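> The lines below spell out each chain.
2 protein chains.
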Amino acid sequence: MKAAIISIGDEILIGQITNTNAAWIGSQLSQRGVEIVASIVIKDEVETILKALKDICNIADLVLITGGLGPTKDDVTKLAINKFLDCDSVFSEVTFQKISQYFQTRKKELSDLHRLQCYMPAMATLLNNNLGTAPGMMFIKDNCTFISMPGVPYEMKDIMTNEVLAKFINSGESIVHKTIMLAGIGETDVADKIENIENSLPEYIKLAYLPSLGYIRLRLSAKGKSETDLNTELDVFIKALESKLSKYVYGFDDITLEEKVAELCKKKGKKIATAESCTGGLIAKNITDLSGSSEYFLGSIIAYSNTVKREILNVASDTLDNHGAVSAETAKEMVLGANSILKSDIAVAVTGVAGPGGGTIEKPVGTIWIAVGNEDKVVVKLLKGMNDRDKNRIYASNIAMNELRKFLEDI
Amino acid sequence: MKAAIISIGDEILIGQITNTNAAWIGSQLSQRGVEIVASIVIKDEVETILKALKDICNIADLVLITGGLGPTKDDVTKLAINKFLDCDSVFSEVTFQKISQYFQTRKKELSDLHRLQCYMPAMATLLNNNLGTAPGMMFIKDNCTFISMPGVPYEMKDIMTNEVLAKFINSGESIVHKTIMLAGIGETDVADKIENIENSLPEYIKLAYLPSLGYIRLRLSAKGKSETDLNTELDVFIKALESKLSKYVYGFDDITLEEKVAELCKKKGKKIATAESCTGGLIAKNITDLSGSSEYFLGSIIAYSNTVKREILNVASDTLDNHGAVSAETAKEMVLGANSILKSDIAVAVTGVAGPGGGTIEKPVGTIWIAVGNEDKVVVKLLKGMNDRDKNRIYASNIAMNELRKFLEDI
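So the protein lines, in turn, are chains A and B. Okay, so the first sequence: first residue is 1 according to this note's numbering, each after it adds one. Okay, so the second sequence: first residue is 1 according to this note's numbering, each after it adds one.
There could be a bad hint or two in this list.
[Claimed, not checked] Cross-link-like lysine to aspartate or glutamate pairs, in silico, EDC-like; alpha carbons within 20 Å at most: (1) A:268 - A:376; (2) A:244 - B:112; (3) B:206 - A:45; (4) B:244 - A:45; (5) B:223 - A:376; (6) B:193 - A:112; (7) B:391 - A:158; (8) A:51 - B:61; (9) B:43 - A:61.
[To be verified] Far from chain A, some chain B residues (derived; all Cβ distances over 12 Å): (10) 59; (11) 266; (12) 320.
Calculated from the structure, these hints are not laboratory results. Small disclaimer: the values here were computed from a predicted structure and weren't measured. Cβ atoms here follow ideal geometry from the backbone N, Cα and C, with glycine treated the same way.
Excised from the complex, chain A in its bound form:
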C-alpha cells in the first residue's frame, strides 16, 4: 500500500504553523508498514486542491488530506471534493444532530455557520469525529481511497485512530524500522566507525543518519514480504552497529534521553531534581513531558538571577564573585544546593551564556557548564555551544540529560 499526504492551508506554506499533522500521520502509517511516497502542502484554493487530488492518484492508493473543513469561510476543501467527484452537497442530518448535541452540553448557541458546516459531498462516506464538529470524509476514485480530515491536530488524530487506521490500513508489504540512539558522538565519526557495515547492507535495507543537538538517531529500514524475516535480519545489523558504537549507544527505537533517565530512576529508586540558569526550565519541562514523572522527579529551582542562586541554592557569594555565575564551581554548588533544598538523591545543574547577549572574551556566547551529582560525587562538563540562543538551550538540555543518564548508570 502506498500512501500520500496532502496538507491544505496557506498558514502552513507561509510557515505560520509547522506541519506536525503530516509528521504524525507519516509515523502512524509507517509503523503499520505503509510506505509514504510523498507529502505535499498546498494553498486553500479550489482549483489547486482539485489538481492535487487528480495528480496524487498516479503515485498513491491511499491519500490522507488534512485541513479546510472548519466552519469558517477560508475552508474550501469540500468544494474541491464536490468538483473532483462531480457531485453536489447534501445536508447531513446526522452531523447536524451531533453538532446540536455538542453545543447543548456546552450550553452554547448554534450559529448559521454551523448549519452550513453540515452540507457534505453526496458521494462521501462520513467518518466520526469525537472531538469536534466537522466529520471526516472517505471517498474512492480511480482505485484510490481518499480520507479528508479537519486540520485541528487532535480532531485529525481522533479520526485517524478510530476510523482510518482501524479500518482502511492493509498493506501487502512490510516496512520495518529499527533505530539506535547515540549521544556524545558526531555524525561523521559515526560514519567512519561503521563504514564496513554500511557497505555490507543489502539493497532492501537502508541506513539513515538523523542528527539532533546532542544526540543522533541511526535508523535502519527494511522492506519486504515477511515482517518476521525483516525483523530477524535487522536485529543482526543492529547488533553489529551496536558493537562498533557501544560507548555511545544509550537506547533503541526512538527512546528519548528523558525516557532512559525515567527508566534508570525507577530501577534504581532515585529521586532527581534540576537547578537551571540558562536553560530556564527546559530540562524540567522535558522531564515532566513524561506522564508518571512525579514518581522520580521532585522539582527544580530555576535560578535565573544570582540572588536566587545565592539565597535559594546556597551558592557562596565568594564563588560567584571569584569564578562568576558561569563556572564549574557555581554549577557544582548549584547541584549541592538543589539536592539539599529539594531533598533529591541526584541533581543536574546548568549555567551558561545562551546568548545573544552576555558573552565576554573569556566566556563567549555558548560557554555552558553542566554539573551532575549526589552528596558523594559531582561531575562537571564544559560545553562549547554556538552563537544561537535556542540551539544552545536545547543542546545544553540534551547534554545535561545524557550526563544525568551516565551518572545514573554508573551508580
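Keeping the supplied structure of chain A fixed, place chain B upon it in accordance with the hints.
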C-alpha cells in the same frame, strides 16, 4: 515571483522529524512578498527527486530544496541534480580547502567521506555555507532558479540568509500579511462577531483563522502591486476587526503572550517569577526563550512534589490536606510563596491534573487552577482542559501567560 519548497528525506515522510525547515523558508519568503505555491516532501531516491525537479518548474520560478547533501551514503540529491542538468561531477578545490580548514581548527581528521563530499555538479554555482562542510548550490533550468541546501536547519538558515534572500529574492507582486492576536475567545465566537466585516472583504484580501490552545491568530493577507496601498487598506480592516474584538486583542503581528508580558514588565518595572506544578517548567521555559528575559524574570520554583510546595513555597499543610494540591487555595498560596522566596513583584502559579493519571471524579484530568498576583491581590482561574497531557500543559501555560498579561495591564 512564485516559489516552491522541496524537502528531501524519508525521515520527514515517516514523521521521525517534523518539517520545520519548510516552515522557516515559507515564513522568510512570504515576509518578502514571494508567494509560496507548494511545499512537497519526497523520498531520498534519485528518480523521485528527478521527477519532482522536472514537475515543479511548471508551477514555480524559484525552488528551494533541502536535504541530501551530507557526507553520508543516504544522501543522493547531487546525483539527481547531475541527471536533471545532464552534467557530471567535478572536484571542488574551494570546498576541499574549506573543509580541510574547518577540520584543522577543530583538530579533527579528514575522512574519505569528506573528500567525496567535494564533488559537485559541474553546472551548479556553489553557495557559501558558514556553518558546515556542505556548500549550497544554485542552478537554472527552464527559466526556473533552483537552490539546493543541506537539511541541517542552522546550515540551511545560514545559506538562505546570506546567499539566497540577499541575492535571489525579487518579487514583482507584493503580499502583505497582518495578524491580530486574540486570547480568551473561541474560533466560532470570533467568526460570529466579525461576520459583517468578513463579508465586506474584497477578493484580493483573505482572512484566515489560526487557532492554538488558549489563543487565536486572525490573519489578513492582501496581494497586489503596491505594498503601501495594501498596507493602508489592511490597516482599515485591522482597525475594524479590533473594534469588534477589543476585549480579546492582546497584540498584533504574531507577538507572543510572552513577548507582550516582557513589554509590560519593562514598561512597568516589574519583576516576575513562576511557581509550577503540572506545567513542570514550561512557563519558565517559554519566558526564558526570549533573550533579555533576565531583565524582568527572576526564576521559578518547580514544585512537582507536595513536599516542595510545603517546604519551599510555604503552602500550609492544612491547605494541602483540606483542599488538595489541585485547588484555588493551593494555587493562591503558591503565588504568595513564590513572591516571598524569589522576591518577585508578581508571580503566576499553576497546579492541576495534566493526566493521563491522577484524575478523580471531583477533579478529573484537565482540572487546572491558575493564580496570579502580588502582595495586595491574587486572582485565581479554573481551567477545564481535556484528556491529553501535552495539550493540558500547553493550554495551561498559555492561559497563565494571558492571566499574567491582564494582571500587568491592570496595575
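> Flag every earlier hint the structure violates by its number, smallest first.
Checked against the structure, the hints that fail are numbers 4, 5, 10, while the rest are satisfied.
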